[in-house]
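*Asks:* Below, each chain spelled out in residue letters.
2 protein chains.
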Amino acid sequence: MRQSHMLIPTLKENPADAEIKSHQFLVRAGYIRQIASGIYSFLPIGRRVLSKVESIVREEMEKIGAHEMAMPALEPSELWKETGRWTTFGSELMRINDRHQREFALGATHEEVITSIVRNEVKSYKQLPITVFQIQNKFRDEARPRFGLLRGREFLMKDAYSFNESYESLDETYQKMFDAYSNVFRRCGLNFRAVIADSGAMGGKDTHEFMVLSEVGEDVIAYSDTSRYAANIEMAPVAAEYKKTNESPLTMKKTETPDKKTMKDVADYLGHELREGLKSIMFQVDDQFVMAVTRGDHEVNDVKLKNLYNADIVELASEEDTKRLLGTGFGSLGPVDVPEEVEVVADHAVEALTNASCGANEEGYHYTNATPGEDFQVHQYADLRFIQEGDPSPDGQGVIKFARGIEVGHVFKLGEFYSERMNATFLNDQGKAKTMIMGSYGIGVSRTLAAIVEQYHDERGITWPAKIAPYQVHLLSMNPKKEDQKELADDLYETLLEAGIEVLYDDRKERAGVKFADSDLFGIPLRITVGKRAAEGMVEVKDRATGEQSDVESSGITEYVNDWYKGK
Amino acid sequence: MRQSHMLIPTLKENPADAEIKSHQFLVRAGYIRQIASGIYSFLPIGRRVLSKVESIVREEMEKIGAHEMAMPALEPSELWKETGRWTTFGSELMRINDRHQREFALGATHEEVITSIVRNEVKSYKQLPITVFQIQNKFRDEARPRFGLLRGREFLMKDAYSFNESYESLDETYQKMFDAYSNVFRRCGLNFRAVIADSGAMGGKDTHEFMVLSEVGEDVIAYSDTSRYAANIEMAPVAAEYKKTNESPLTMKKTETPDKKTMKDVADYLGHELREGLKSIMFQVDDQFVMAVTRGDHEVNDVKLKNLYNADIVELASEEDTKRLLGTGFGSLGPVDVPEEVEVVADHAVEALTNASCGANEEGYHYTNATPGEDFQVHQYADLRFIQEGDPSPDGQGVIKFARGIEVGHVFKLGEFYSERMNATFLNDQGKAKTMIMGSYGIGVSRTLAAIVEQYHDERGITWPAKIAPYQVHLLSMNPKKEDQKELADDLYETLLEAGIEVLYDDRKERAGVKFADSDLFGIPLRITVGKRAAEGMVEVKDRATGEQSDVESSGITEYVNDWYKGK
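Chains as they are written, first to last, in our numbering: chain A, 1 to 568; chain B, 1 to 568.
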């Protein structure tokens, strides 16, 4: 394409609202423009990179036998009411009335619509499994849209849905999808992890998030430094083994700890390590009051507590309830002498402690030399804490590290959540009606694009991986007013196009400095400059990422480019 | 693709609400499913044909240097208020509020958004012309959605916008776009006409609609039986020349015409041809009362009247005004003795009449032997009537015929309507600020698909043109329970796929009759059936459109298919 008549406006300065690199560079290099908060237009080169990601996604979906379809953005509220999500989805779901005051949801996701189609059209186990996908704009009215394409309100997404006759069959589809997602993000050049995630309120079984490692990510991942293990921190089980010391239990003592508010304050005051104190927190787990006890250097993980009790709701107990039951507020709680209504559960690490300190359930006092089994009883020991950096990896290989991640994909075993509520059944090989088993799978296509930029940039602009770049070659004529330069550049442009190479041709009458700066911003992997040596038929080729430059004979340019891209 | 696990539900019966063939067959063959009134999902084979049309559109756009981009569906109301269309677009524009009660239009079209981008980013004549396009779902809340994909509320559209520095430059872009559109519809195999259309309220200059000829079309086209001339009937000028006869004017006479209501009644009663009477209609043209007079066999065209007076509003005068000014109601009007406040204009055909009959401005009376110039005065003669079948074509070639058409495309010289209201200016080569000159261009992609089916079907289903078909080959195994048939069919499936041929493989365990009926419904151009002669390595090939069948050696099938498609 000739740049002179293309809409690629570049900016010298970072936009005021752009905090992260992908947002800054995608705007500055003319890939996107904001239309409203969290709502963007993709300008021509932006649309091109989006298409590259789309194509990769499409290919990998087709490889596993998923069929592309297209559902509408306008989704009748009746369907969302069948699953209850018209209410539970909350204010992120945008709603619109038509001229007859019929309510529609603006497509945030399509479980309801696809289930309504499949329940009408699929009757027999012979037709299962079915997997479909679509690529289209989705709408979610985020409370705080930010970070450009990372958290928008209208964004491009690939969503897929599978319908299976059994959980075993779902497992197979899920694995295929998992592999396809891995291929997609690998082909996008991303450093990512498939992370065990929380299946949340949807009642599903397995679920993985695909996280691109990045400091600007909103999620924290616990991963093994040697194996492929990775999980959201709240999901990672703790595999640490705790050994009891030879220490003998001493007599428990009540000690005044005036105005010591934090675990650290108390430990310092009593002269022991943080890990020698007990942290006690009161929860309400459905209708049960629970005191969760961990070591002072650990944090209780309420997801684990929830799973332990198989509960619907876990929240901190109110200070009022706490005072009523234990006679004191949050600052001085401990497991000694708690009333029967309160169940004490403790992390495995607590079991290994001897002569620990803990709150005395009396404002301004702590016990020292408290030993579990001797001075207080524990109803149940369990894995209750968040994993920490340095813990052994749950898969037995290596040690846990933390990283931040951008969620670009999500695979989810939905099970029967939607099919049961919407009555999507089929006849099995015995002629019996069975509920379909579903999965859903999403890739944030526009978000992936931003994640790529987060991993591929330097101080001057974007450095696209080969397969994602909007063009393969950025051709520049340094001074198009000079006839020999213009002629050779025009000539090379035609030659490269004819060879099927994607070229952006900066034929503008701009200063060389402007062109070079724009070229670095754009991030096209190879820059070819037609300059002073045009008369000799020599051009300069620059590798955008490494900065390496070399002079190349223009007659061999097609071969040079093809060789360079071979295997990339 | 293997049909067994694909979502292609076929129906034996026409859906109750489907009145036209494209709607019936697209639903019955499993291309689309309705989600709500005027809102459809495209099932996998539907999505495939849509992609074929999309690809053709994309290629033709790229050929003329239009660049693909993507604007959001959520368009801030502020932009629509700048052009006044927030009000004037009316209730077809769907509106939605976000969680902060900010108003958005749901993308019905994108003139405002693209103009807001271009006015911010394009500053110099050197950057012009710019042409961009996008392909995406559009939303219009039609009062009466119907005919399946022909008139929906959410539909796939290609829209393009051009920004030029002058009207001459716009003319060039417009012509390129016009040619590209012609290519698109030709490649889709459509019998269509580019039709001169009314530029309506948008203040533009030239505009053409691309009409697919079809009995179910909602528009009427006047076209030449020999040349490429075509126009919306209200736009076609009448080129007929009328010769005055040698007849001498006789004395005008008032005659009673009791209870004769229509022109035909009066003509029969008075014993003359319809063409020998005058039809007189009272209009209010802005603030002026106008009596428009045509021959009895002609119809007055209010668009022409409007253009004649360069008026904003043309409507029928009220019966009250008519009675006040002429002393009688609509049934007995005529041009004789009208008061000064009423201007009489007449069609050229009237000038050639001698001794015509006309209303006497008195209930139940007509004049006979009324001759213009003698018995009544005409303020102005003009081309005032609708063109009729049999009229000479305005381009001087052939004779006018009428046809019904489905509008699939529209090219429009917008001029300065949007750029002026939104202050989209550039500096010209003299450094002077000028308003950009715009064009807009649309193709109804999903509607085009329906139009293709209207032209390509028979009583058994769709008969896709080669370039649009969802697959090139429909491969059927007649009885997959027979090992030799299954083996050969599986084998052919792999062979065809490897040769890059698009195959749908009906591997279902269904009766042959069901498979054949479904195959005819789908309309894939070539059907290859593996049946009884599988053991000999022979298969049956059927041309879907012509019904021709032949037995072909399976070893040569790839060549056969490639030959068949050559040049199609």
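Simulated from the structure, these hints should not be mistaken for lab results. Incorrect hints may have been included.
Treat identical chains as interchangeable: a pair holds within one or across any two.
Straight-line distance between alpha carbons at most 25 Å, and here's what the computed DSS-like set of lysine-lysine pairs gives [what the hints assert, rightly or not]:
#1 Lys63 to Lys486
#2 Lys509 to Lys432
#3 Lys52 to Lys81
#4 Lys434 to Lys126
#5 Lys126 to Lys432
#6 Lys264 to Lys323
*Asks:* Taking the hints in turn, state whether each one holds.
*Replies:* Checked hints:
no.	hint	in the structure
1	Lys63 to Lys486	between (45 Å within a copy, 22 Å between copies)
2	Lys509 to Lys432	between (74 Å within a copy, 19 Å between copies)
3	Lys52 to Lys81	neither (37 Å within a copy, 36 Å between copies)
4	Lys434 to Lys126	within (13 Å within a copy, 66 Å between copies)
5	Lys126 to Lys432	within (13 Å within a copy, 71 Å between copies)
6	Lys264 to Lys323	within (23 Å within a copy, 98 Å between copies)
Consistency note: the structure conflicts with earlier hint 3 alone.
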